[in-house]
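Undergrad: Next come the chains, spelled out residue by residue.
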Amino acid sequence: MTLALETRGLCKSFGALEVARSIDFRLAPGARHALIGPNGAGKTTFVNLLTGLERPSGGQVLLGGEDVTRLAQARRVKRGIARTFQINQLFRGLSVLDNVCIAVAERLGVGGGLLKPAGRRADVIEDASRLIELLHLEADAGRRIAELPYGRQRLVEIAIALGLEPRVLLLDEPAAGIPSAESHILLDAIATLPREIAVLIIEHDMDLVFRFAQRITVLVAGAVFAEGTPAEIAKNADVRAVYLGTAAHG
Amino acid sequence: MKAAHEFARRHRLQWWEALPWLAGIAVFFVFPNYLAFSTQVVVTILFALSLDLVLGYAGIVTLGHAAFFGAGAYTVGILAQQFNWNEPLSGLAAAALVAGAIGLASGFVLLRTHGLTLLMLTLCTMALLEQAANMGAAWTGGFDGMPGLSFQKILGLFSFDVLYFRSQYLYSLALLLLAFALVRTLVYSSFGQSLTGIRENVRRMHAVGAPVRARLIVVYTVSAALAGLAGGLFAQTTGYVNLAVLGLERAAGVLIILILGGYGRLYGAIIGAIAYMVLEHLLAKAYPTTWQLGIGVTLVAVALYVPNGILGLAEHFWRKRSGKRPA
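From first to last, the protein sequence lines stand for chains A and B.
Here my numbering = 1-based position in the first sequence + 40.
Here my numbering = 1-based position in the second sequence + 4.
No wet-lab data here; the hints were simulated from the structure.
Any given hint could turn out to be false.
Restraint-style ranges between C-beta atoms, simulated for each label pair [claimed, not checked]:
{"#": "1", "chain 1": "A", "residue 1": "P234", "chain 2": "B", "residue 2": "S326", "range": "39 to 47 Å"}
{"#": "2", "chain 1": "B", "residue 1": "L182", "chain 2": "A", "residue 2": "H244", "range": "51 to 59 Å"}
{"#": "3", "chain 1": "B", "residue 1": "A290", "chain 2": "A", "residue 2": "E187", "range": "39 to 47 Å"}
{"#": "4", "chain 1": "B", "residue 1": "E10", "chain 2": "A", "residue 2": "P69", "range": "49 to 57 Å"}
{"#": "5", "chain 1": "A", "residue 1": "P69", "chain 2": "B", "residue 2": "R16", "range": "41 to 49 Å"}
{"#": "6", "chain 1": "A", "residue 1": "L57", "chain 2": "B", "residue 2": "V113", "range": "32 to 40 Å"}
{"#": "7", "chain 1": "A", "residue 1": "E187", "chain 2": "B", "residue 2": "A22", "range": "28 to 36 Å"}
{"#": "8", "chain 1": "A", "residue 1": "R170", "chain 2": "B", "residue 2": "H118", "range": "31 to 39 Å"}
{"#": "9", "chain 1": "A", "residue 1": "G80", "chain 2": "B", "residue 2": "E284", "range": "56 to 64 Å"}
{"#": "10", "chain 1": "B", "residue 1": "L286", "chain 2": "A", "residue 2": "R170", "range": "31 to 39 Å"}
{"#": "11", "chain 1": "B", "residue 1": "L17", "chain 2": "A", "residue 2": "H244", "range": "49 to 57 Å"}
{"#": "12", "chain 1": "A", "residue 1": "K118", "chain 2": "B", "residue 2": "M139", "range": "43 to 51 Å"}
{"#": "13", "chain 1": "B", "residue 1": "Y291", "chain 2": "A", "residue 2": "L154", "range": "43 to 51 Å"}
{"#": "14", "chain 1": "A", "residue 1": "S97", "chain 2": "B", "residue 2": "A22", "range": "57 to 65 Å"}
Computed from a predicted structure; not experimentally measured.
Heads up, the beta-carbon is just placed ideally off N, CA and C, and yes, glycines get one too.
Model the full structure from these sequences, guided by the hints.
TA: What follows is the structure, given as structure tokens:
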């Protein structure tokens, strides 16, 4: 079976500081995988390497079996990888609908259309509206991002990523800043994703991780420390010692 | 969804968008003695509009946009003087093509950079062209420029009259209308929306798979061609070209005009150019030796208290009045 995403010996150094140390990682189609680790473990750097935001010092990134290590970020997106950012990266002066429409237009290959008004792209607007409804953002669709509470902005991040209809979806701390009363919206949205999409979530909220993930990888100091099912990770004494703490999910 | 409905109607023409053009026609009848000045206002609006496309929409900060204005002006001048090519419309087409080609070539290199580096490189490109024009005196007239350019009748019907600017004014206004329609189409298209995305958050645009650099090069080239058109129009309507068309004063002036009117707002170029040039005209008339002080004080006040320009201020009050949260 061709893996949705794979890394082989992925390394990244900033001078003498090694932030990714020969990471071998596999994500099967339809996987629900979580990446956890203490602060500074290199989780976000790993996502940056996967998406092409950072260039690796060594190793390979394969997307659907194809080596994309040398490809720029935008071209990787076209090949089916999308992400959300740990710190919101939105078009703050634009409305929620504009934000999602921009992503959908790029996916449909009409983002560079010079003559037809964006308002006449019914397919783009309909798809963006559907995603906005999926994430319960209808009431805010016309509001500028800068006017929204941070938690609502997180949901727009996710709507944008979903608008790209990726084969591999990377969610970097998606629940950070979302009020606990609204975190179910996030999980519901993920639950509605087609099963063939592989999802990798980086999250500190262990309840969310253990509810969501079928497999968990633990990253410590830029290297894979452990990998297994949630039950295996919860039982792993070394993981508990370095990250979870003895009281967690015990 | 209400927002989707509004989004789908955003590009539609509003009744008030006819007002600037009606005012433009009214000027022809009401101020017949000011048509030379009004023609230069129209040329400046076109130039400011070209800058708005790159600065206001795509967020490309440039101090060298006069490079394209000058390229267009010199193209028209050289064609007329050296090749006796005096047909106005084809001359303007050549001006837009040459300026667009320079925009494409320079954009290909310059748009790899951003921020202060980009600002300096745009300035350097303009300085290089200015020096080239200075050194190529056999073609450009060097420091003396090319005075006394003459052109054939527009469409074989309307002559350029140096005393009465009636033809020049209407010709310039018609070209501005065409250029404005093009820019308006672009900014309301998906391409225009993606440019705004690049201006707002380039990192996110990369992350949605947009070919950011290619889009910037396209808009830079279109903008350069429009600036070249403005330059060509300047040469035709005034009948001369000199090094000032490639100078920093012109480049900085158009930037100030856009800031004054409100950048990224389409009509900011119109409002800014009119406000700046009328203010300049009135102050120069009232205080022939110290008028620049008045301009300086006005600009300091605008930068401090109206950072989004005249249109930004108007929008602020409109939002306040209609109960929406001010931007």
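Undergrad: Does each hint hold? Answer for all of them.
TA: We went through each hint and held it up to the structure:
Look at P234 (chain A) against S326 (chain B): about 42 Å separates their beta carbons, and that is inside 39 to 47 Å. A hinted range of 51 to 59 Å holds for the C-beta pair L182 (chain B) and H244 (chain A), which are about 57 Å apart. For A290 (chain B) and E187 (chain A), the Cβ-Cβ distance of about 44 Å falls inside the hinted range of 39 to 47 Å, so the restraint holds. A hinted range of 49 to 57 Å for the beta carbons of E10 (chain B) and P69 (chain A) is inconsistent with their spacing of about 39 Å.
Judged by the Cβ atoms, the range 41 to 49 Å given for P69 (chain A) and R16 (chain B) holds: they are separated by roughly 44 Å. The given range of 32 to 40 Å is respected by L57 (chain A) and V113 (chain B), whose C-beta atoms sit roughly 33 Å from each other. Between E187 (chain A) and A22 (chain B) the beta carbons are some 32 Å apart, a value that agrees with the proposed interval 28 to 36 Å. At about 35 Å, the beta-carbon gap between R170 (chain A) and H118 (chain B) stays in the expected band of 31 to 39 Å.
Separated by about 57 Å at the C-beta atoms, G80 (chain A) and E284 (chain B) satisfy the suggested range of 56 to 64 Å. For L286 (chain B) and R170 (chain A), the Cβ-Cβ distance of about 55 Å falls outside the hinted range of 31 to 39 Å, so the restraint is violated. Distance hint check: the CB atoms of L17 (chain B) and H244 (chain A) are about 51 Å apart, consistent with the given range 49 to 57 Å. For the hinted restraint 43 to 51 Å between K118 (chain A) and M139 (chain B), the CB-CB distance of approximately 46 Å keeps it satisfied.
Taken as a hint, the range 43 to 51 Å holds for the pair Y291 (chain B) and L154 (chain A), whose Cβ atoms sit roughly 46 Å apart. S97 (chain A) and A22 (chain B) have their C-beta atoms about 60 Å apart, which keeps the hinted 57 to 65 Å range intact.
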